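A.B. asks: Next come the chains, spelled out residue by residue.
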Amino acid sequence: MDTKISAEGVNVFYGEAHALKNVSMQFMRNEVTALIGPSGCGKSTFLRCLNRMNDVIPDCRVEGKIMMGDVDINDSRLDVVRLREKVGMVFQKPNPFPKSIYDNVAYGPSIHGLARTQADMDRIVEESLQKAGLLEEVKDRLNQPGTGLSGGQQQRLCIARAIAVSPDVILMDEPCSALDPIATARIEELIEELRKNYTIIIVTHSMQQAARVSQQTAFFHLGDLVEVGKTDDLFVKPQQQKTQDYITGRFG
Amino acid sequence: MAGSNSSFLKGRYSAEKRFKLYGVFAVSLALGAVIFLLFTIFSTGYSAFWRTEFQVEIQFNGDYLGITQESSDQEVREANFLGLFRKNLAEQNNDVPRRELRKLFAMFSESAADDLREMVITNRSILGTTQKLKVLASSSVDMIVKGQAPREIEEKRRVLNDFQLGLLDRWTAEGRRSSSFNHRFFTNGDSRSPELAGLGGAIAGSFWTLMVCLILSFPMGVAAAIYLEEYAPKNRLTEIIEVNINNLAAVPSIIFGLLGLAVILNFFGLPRSTPLVGGIVLSLMTLPTIIIACRASLKAVPPSIREGALAMGASKMQTILHHVLPLAMPGTLTGTIIGLAQALGETAPLLMIGMFAFVVDIPAGPLESATALPVQVYLWAESSERGYVELTAAGIMMILIFMALMNSFAIILRKKFERRW
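Residue numbers (the numbering used here), protein chains in the order written: chain S, 9 to 260; chain A, 73 to 493.
Just so you know, these hints were derived from the structure itself, not from any lab. Hints are not guaranteed to be accurate.
Unchecked claim - Far from chain S by the CB rule (all over 10 angstroms, computed), these chain A residues: (1) F91; (2) F97; (3) E163; (4) K306; (5) A321; (6) I336; (7) P374; (8) M384.
Said to hold, decoys possible - Computed, partial: chain A to chain S, Cβ under 8 angstroms: (9) L382; (10) A383; (11) Q390; (12) L397; (13) L399; (14) P402.
These numbers were taken from a predicted model, which means no experiment stands behind them. Positions of the beta carbon are idealized from the N, C-alpha and C atoms, including for glycine.
Please construct the entire structure, taking both the sequences and the accompanying hints into account.
C.D. replies: Right under this line is the structure:
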C-alpha cells in the first residue's frame, strides 16, 4: 500500500476568509478516502485543491504542497489540463453535457487525443460505460441526449465520462446527495468496484456512506482537519472529542 | 362590530375591483390604439397592391418603328415605341379631337412604351401582328377608380377632367377596364410616377444594409461578450466599459448617424448613400444589443456545465467553444435578430448618411446607392401626389410584415433551442 497523493500544510483563503487551515494528509493508492464534516468545514474546498478546480474561483488562494508522485499539484507552473487528465472529478449534481451519451463519454478522450481512430473511440466509450455499470442500460441509445437519463444514470454517465481518460485518481464531491437510495446503492457498489483500478477520494455528508465505502476517513471541522484514520478505527474509537460528537450526531 | 366589519370588507372588495379595472382599462387602451393604427394603415394601403389597366389593341408596325425581325436589341431600344403606342391609341379613338389627344395619352402610364419595347426585345415575331394588351393606367385614373380621389367635385380641382372621366366611364362600360396584381410594387425601384413606384429597391437596400450590419456586429458582439463575460478581470475599467455598453444601447439613433457622417463619410471617405455605410452605422446600434443578449445567455449557462468541462481537462477556450457558447447561441441569435429588426426600422441615421437619395435602380451590392424601407416610406410620405398615399401605407405594411417575420423567427429559434437542465 503506497501513497498516491500527499498534502503538506495546505491553507486555502477566500479573500480574507481562511477556509482551510494547515491540512496535511495522505491518500493511499487503490483506497477510498472519505472526507466528512459539517457544511462549510472545508472538505469540498480541500477536494477541489486536488485537481486545481479552485483556480476558477476569483480571490481564492491555495498555499502548501500537494505532491502526486514527484509533481506538486499546487505548483502554479503546472499545466492544469494535464493534471485534470490524471485526476478526474464527479460532482454533487449530475452534470452531463447536453449532448448524446456517446459524445459525453467521448469528450475527454477526444480533447486529449486518446483515440486515434473511430474504432478506438468506440472501444473507449464502450469500456468506460461498462466500467461505470451503465452499458447494459444505454447501449441501444448512445445517440440520445445524456440529459434524458434518470438522475442515477446521469451520475454513472458522469463517472464513465471521468474514467474515459484513464485517470489515476477520481474525486467525488457528494456524488449521491441528489440520488435516491437505490441509485445511491448502485454508485456505492460501483465505487467499490472502481477502487481496484483507481484512487478515490469522496466527500460525503452521510457517515453511513463513509463507513460503507471508504478505507480511510478524514473529519474536517471549521477548516481544520480534526482527525484522519482508518475508517474502521475512526468510527469505532475516535481519538478526538469533536469526532466523537459528530459521528454520534451530538454535534450542534 | 359586525356591521362596521362588513362595510370595511365591502370597501376592500370594491377597491380591489377598481384596481383591477385600471389595469384592464390600460390594456384595452393600448390594444385599441394598436388596432386603430393597423386598421388605418391596412385600409389605406391594401389598394396599392392592385392597379387599374385598360385593354388596348396594339398593332406592332415594324415599318413605323423602322425595325425588322432581324434588328439588333440596340436598334429595338432606339425605336420610337411611344410614338407607336400613341398612334395606335389615336387610331382606335378616332372620335377624339386632335387637341384632346394629349388628355387621352395622359390616361396611361408612361411605362406603356417601355413595356411594348420589352415585348419586342424578348419576342421579335410579335412584329407585324396585332395584340390585345392590358396597359397600365396612370395614377390619376387609378385614384378615381379606387375612390381615393374625389369624383364629384368641380373639374379644376379633379385629377381627371370631364373629357377623361367620360372616356373612363365609356371604357368601363365596354369592359375594357380591369385591375390586376401590382407586381411592380415588389420589383420596381422608386419612381416619379406613383403607379410605377415600388419597394424593390428599398427591399434590396435594406437587405444589403442588414447584411453588412450582421456581418460586422455579430462576430464583434459575440467576441466582445465572451471577453467581457469570461476573461475580463472584474475591476473599475471593465465596470466602466459595461456601463457604457448599456448606455450605448440607449443613445438616440440620430447621433450614430452624425457619427457616420463625420467619421465614416468625411474622415474615411466611404461612398455616400450606400448600404455599406448604412450597415456600419446600424451595426454600432445593434452591437450593444448583441453584446447584452450574448452576455446574458453566457451568464445563464449553468456553472455545472463549465465545471464539468474544466474537470475533464478542457482548456478555458475549449470549455467556452465546446460547451458554453453553443448553449448561449440561441439566446444570442434571438438578441441578434431583434437587434436587426430594430435596425430595419431605423430611419434617422440613414438620413444622416444620405440614404434618402432618389434611386430608381435596384442595388446589386452594398456599394451601390440605395434607400432602405423606412427611408422609402419617409420619401413617399413627403411626396405631394395623391398616388403616394396608398404607397406610403403599403410600405409601412411591408415593414411591419418583415419585422413580424423576423421577430417570430427569433421566437421560434428561442423555443426550439430552449434547454432545461
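A.B. asks: Could you tell me which of the numbered hints above are not met by this structure, giving the numbers in increasing order?
C.D. replies: Violated hints (numbers, rising): 4, 7, 8, 12, 14; every other hint is consistent with the structure.
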